[in-house]
Amino acid sequence: MLTLAPVCGPEAAIARANPVAKLAAVAVLSTTALVAADWLTPLLLLAAIAVALPFTGIRPGPLARRLRWLWLAAGTVVLVNAVFAADHTGTLLFDAGPLRISTGSLLAGTAIGLRVCVAATAGVLVFATTDPTDLADALNQQLKTPPRFTLGALAALRLLPLLSAEWRHITTARRARGLEGGWNPLRRLRLFASTMFTLLVGAIRRAGRLAAAMDARGFDSGIPRTHARDQRMTPPDWALLAAAFLVSAAAVACSTALGVFTVVV
Amino acid sequence: MIKVEFRGFAWRHAGRRAQAVSDVDLRVEPGERVLLLGPSGSGKSTLLAALAGLLTADSGEQDGDVLLDGRPALELQPRVGILFQDPETQLVMARSGDDVAFGLENQAVPPDRIWPRVHRALDAVGFPYEPSRDTHALSGGEQQRLALAGVLARRPGLILLDEPTANLDPEGAEAIREALRSALADTEATMIVIEHRVADLLDLVDRVIALGPGGTLIADGPAEKVLAEHGDHLAAQGVWVPGAPVPRRPAPAPGDTALRGEGLTLVHPRADRPALDGVSFDLRAGELLAVTGPNGSGKSTLALLAGGLAAPTRGRATVPGEPRPLHRLPARRLATRVGSVFQDPEHQFVTATVRDELAFGPRQAGWPKDRVDARVSELLERLRLAPLAAANPHTLSGGEARRLSVAGALAAAPGVLLLDEPTFGQDRRTWGELVDLTADIRDEGTALLAVTHDRDFAAALATRELVLDAGRAREGEHR
Numbered sequence: 001m002l003t004l005a006p007v008c009g010p011e012a013a014i015a016r017a018n019p020v021a022k023l024a025a026v027a028v029l030s031t032t033a034l035v036a037a038d039w040l041t042p043l044l045l046l047a048a049i050a051v052a053l054p055f056t057g058i059r060p061g062p063l064a065r066r067l068r069w070l071w072l073a074a075g076t077v078v079l080v081n082a083v084f085a086a087d088h089t090g091t092l093l094f095d096a097g098p099l100r101i102s103t104g105s106l107l108a109g110t111a112i113g114l115r116v117c118v119a120a121t122a123g124v125l126v127f128a129t130t131d132p133t134d135l136a137d138a139l140n141q142q143l144k145t146p147p148r149f150t151l152g153a154l155a156a157l158r159l160l161p162l163l164s165a166e167w168r169h170i171t172t173a174r175r176a177r178g179l180e181g182g183w184n185p186l187r188r189l190r191l192f193a194s195t196m197f198t199l200l201v202g203a204i205r206r207a208g209r210l211a212a213a214m215d216a217r218g219f220d221s222g223i224p225r226t227h228a229r230d231q232r233m234t235p236p237d238w239a240l241l242a243a244a245f246l247v248s249a250a251a252v253a254c255s256t257a258l259g260v261f262t263v264v265v
Numbered sequence: 001m002i003k004v005e006f007r008g009f010a011w012r013h014a015g016r017r018a019q020a021v022s023d024v025d026l027r028v029e030p031g032e033r034v035l036l037l038g039p040s041g042s043g044k045s046t047l048l049a050a051l052a053g054l055l056t057a058d059s060g061e062q063d064g065d066v067l068l069d070g071r072p073a074l075e076l077q078p079r080v081g082i083l084f085q086d087p088e089t090q091l092v093m094a095r096s097g098d099d100v101a102f103g104l105e106n107q108a109v110p111p112d113r114i115w116p117r118v119h120r121a122l123d124a125v126g127f128p129y130e131p132s133r134d135t136h137a138l139s140g141g142e143q144q145r146l147a148l149a150g151v152l153a154r155r156p157g158l159i160l161l162d163e164p165t166a167n168l169d170p171e172g173a174e175a176i177r178e179a180l181r182s183a184l185a186d187t188e189a190t191m192i193v194i195e196h197r198v199a200d201l202l203d204l205v206d207r208v209i210a211l212g213p214g215g216t217l218i219a220d221g222p223a224e225k226v227l228a229e230h231g232d233h234l235a236a237q238g239v240w241v242p243g244a245p246v247p248r249r250p251a252p253a254p255g256d257t258a259l260r261g262e263g264l265t266l267v268h269p270r271a272d273r274p275a276l277d278g279v280s281f282d283l284r285a286g287e288l289l290a291v292t293g294p295n296g297s298g299k300s301t302l303a304l305l306a307g308g309l310a311a312p313t314r315g316r317a318t319v320p321g322e323p324r325p326l327h328r329l330p331a332r333r334l335a336t337r338v339g340s341v342f343q344d345p346e347h348q349f350v351t352a353t354v355r356d357e358l359a360f361g362p363r364q365a366g367w368p369k370d371r372v373d374a375r376v377s378e379l380l381e382r383l384r385l386a387p388l389a390a391a392n393p394h395t396l397s398g399g400e401a402r403r404l405s406v407a408g409a410l411a412a413a414p415g416v417l418l419l420d421e422p423t424f425g426q427d428r429r430t431w432g433e434l435v436d437l438t439a440d441i442r443d444e445g446t447a448l449l450a451v452t453h454d455r456d457f458a459a460a461l462a463t464r465e466l467v468l469d470a471g472r473a474r475e476g477e478h479r
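Protein chains in written order, with UniProt numbering: chain L, 1 to 265; chain X, 1 to 479.
Source of the hints: derived by calculation from the structure; they are not laboratory data. A few of these clues could be false.
Subject to a maximum C-alpha distance of 20 Å in a straight line, what follows is the list of computed SDA-like cross-link-like pairs (lysine to any residue) [as the list claims (entries may be wrong)]:
{"id": "1", "chain 1": "L", "residue 1": "Lys144", "chain 2": "X", "residue 2": "Ala108"}
{"id": "2", "chain 1": "L", "residue 1": "Lys144", "chain 2": "X", "residue 2": "Pro110"}
{"id": "3", "chain 1": "L", "residue 1": "Lys144", "chain 2": "X", "residue 2": "Pro111"}
What the simulated footprint calls covered on chain L by chain X, stretch by stretch (three residues with Cβ under 8 Å from a Cβ of chain X suffice, anywhere in the stretch; the number is not a length) [stated by the list, open to error]:
{"id": "4", "region": "142 to 156"}
{"id": "5", "region": "167 to 173"}
{"id": "6", "region": "179 to 187"}
{"id": "7", "region": "190 to 202"}
{"id": "8", "region": "211 to 217"}
{"id": "9", "region": "226 to 239"}
On a predicted model such as this, the values are computed, not experimentally measured, just so you know. Glycine residues also receive a C-beta, built at the ideal position from the N, C-alpha and C atoms.
Here chain X stands alone, though its shape is the one from the complex:
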């Protein structure tokens, strides 16, 4: 159990002009379980990094103090454990058990006590395999549970969780919460968690601290009280407050078929079953077809085949007026027919400024210059990217990068837009913007197909749902 104190704390990252947080005064008593809320840019992650001893003198400039049990945070680093959101970059070793042992070796735990602690930590998080399991063979959720075991094995007096479920699918996220519930019941450690999706975590915390921009304190107290008094304000700031209304954007009647998939099948060499097995669908102008299903059911494969980005083993995807199947089209032509937006926006950026990024598709398609300029201006305005027109796409925030990737795919005015997990890991405000943007695109007559785990997104926008299971389509539910 560690007591946490920020006294007039401020931090400026090296190379930045503005402070990430300033004048933070906070106190967390030993053994308290705290949920830290706030919009993107409120410096929540900076506060956790400070507690974890990761803000060293060479990485920025500090004012005030960060104290753990009355001593500078850096001195108590061995007693602090932190779990980050990306499972892939928290694992160091090739074998699962070794990875848990890594933190104990660093702590100079005597060799004969390492393995019993490794086994206990793996049990505590419900790790389902042998310790010799290859860490690459684990799903994202399993990797995150392993990383949590690595944190718990060090028996920290302060546990910090920085959006522990943001990168996981719903099943993986629930497994992590389950592991946290049982692990936290077994320890008296102080705990601070950052999370946008509040509802699922409320039973784990006894206090909520809400921060505004720059780390200013907005509210502090028991969860029910804070959410009741400040719920609306927090929802507007991007927090998923339980019970806050989710918008519905009903669709007008759909138009003609804009994309047709016929018996789409993809068999990977040496796989025991097809990744996708004979899936057919009709996508019409002005509708959104939600593709759902568990992990590994073939959703992303369907998006690749429907977008003409991979060659199907059997079957074809076509658009009207184009005799060749999409995967045979040259890329330039394909981009004017079907736009695809991927999970990681940065993979799609091909130029050095936001403006060029939007002009890229139309130029490729051979539009005259004045038409390209008009289109770019229109998109900059509509997607509120105008102030960023000269910025490098790689420097945008998560929400801005996401909007730009959608705009870039739309720029050459394809009739069809495919979205792969468009709302993945977004806060409530960005989510709302994406829903509005998608609804506008749909209502202008673009045909949309969205692969998504997000029930709320599908409920807000989808006209139909295509459920995949082990590569096959289950009966689509018409709403």
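If we strip away everything but chain L, and leave its shape as in the complex, we get:
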């Protein structure tokens, strides 16, 4: 479930970058893409991401597989917005009664699809290349988030794969008792509910035990924690952040110069 094929090795440049720097860079790019309403600005941002990819150490194959649903989603966004636009301007390209596509609506739809692409691609790039432990460490140290929240989430994350194994065990045990969903949807639903109940009973017990073990090791005892691994911004991290600002500014400047830049109102 959470052990998706990694899109880069642990030594890749982007994997070693500071998680907070990566988050900030993505925030800059996504905000630019979401504020700009034209089609050129997000396209330029996407192009910049594509150009930067070879320097990050990301493997293109696994990344493309991770993004394949995104392309489908973005395509749907373009189509829906092109067809159901409030007003159609320019030449009519397709007309079937209520379903119409015009050059104006197609352009507007494409712009929205491209903005979705920028935000989603940048987000995937960060979360697919960041170890959850490093992220929690960085959030604690740099943004001073409460460890009770970040480390609690981390511990819960560690237990998730156990749940899927547990689900399989419970389903098998149900078959042994003579319970099986089969083709009856009502029976399937009831079986699902009862399996879920058993799963939750186990999960709650387990969470209680884990909490006791964490308490016993002094977690959240009021002493300010130290950090085994130092997380801070290094010069390459500042460079990454600066690059994100530069690319955003350049994209906006470029589309303004060409007279297409508009802002979402």
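Assemble the complex: chain L is given as a structure, and chain X must be docked to it using the hints.
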């Protein structure tokens, strides 16, 4: 080294009427190594939790005092380390080294001193991998050793061990004991351990304290003296006293074949070898076939395939009078042919009361109401579950839940019963009950197959043994 004192200590868990322990007066001197014995429900774990500072005011009601070096236990929490029995729920982090570091970070150890202490603790327990090792990739025994490293790295003055080997297979348990031996030799810390299997730990302790129900003191003194004077009594209370006789229940001559496995093979996609590779066997009415072998040898896979709960890649499991292989049978029909009992009884509970749990199988099989009622009454009596008939199965004790899961699988009178580690983690008394119950079922003509690590269980009941190794069957030893 910490001095431990209970003075008139009593504890009632929030929401319970009865006290878990009452009037406990105990003293453990600094540096002593103590084994705490007692039946289930004697409040041993409650005492350790109190010492570990885990009984906070909002979780129950306390009388008397728990003192460490003369101060309330909660104040000394940073100097106490506790190891629990379930390895899976003691690890917090994804990377092994980080998990050991977690306890040091909480203690505000300066960053430059954390990693040397992590490495030393990992060495001390014989952790065989790099600190960056994923904690999910570890076996149960390795996880438990890692959790022990997490305890030792904090340099506790009091080490508490709450059944540290109960959830482990024999190899994992021995590795933990080995790690404990070397770690305890290196520290002067006071140590208190709870364990049912006494024999393996006696060399680590110099004093035994035996508790009765509610935490009353039964015996206290050097191990040999306590075991010699109170051995029989303790064995009756559920303690595995070394040298106490283990029952044998020889089987009558077996009957006809009740379950046949032919070339059972299971290959997981992307695995480098089959989980099970061409295993054949004949299981006859009135016998118990013990399936043994190291971890990962395919024992549990065999139980799943033989029980018709997973589809084999090749081969088939069949019962007489049923032309289809078991994995093709609809669940309702399967449950009347072969019963399976899993390691975790709670996975099998499908109703809200003990009575319904027993009636479930027969009702599914379409038995008339009076026959179902008669069967349920009979099982309630036989398995001594009658007083609990209206209880929710999820509220039963470990031993009761285990008996109920066996009874539930037997209710629809299948001719074959498969058991996966039936005695895992049970105290001596529950163990004895399970041996008697299994022997009765066997002698009534049910064919039994038991996957087990438990040599004593196999010796007491098995007519034959099927030894698995890396998915293949070794020659079965006939007794």
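Honestly, which of those hints from before does the structure not fit? none
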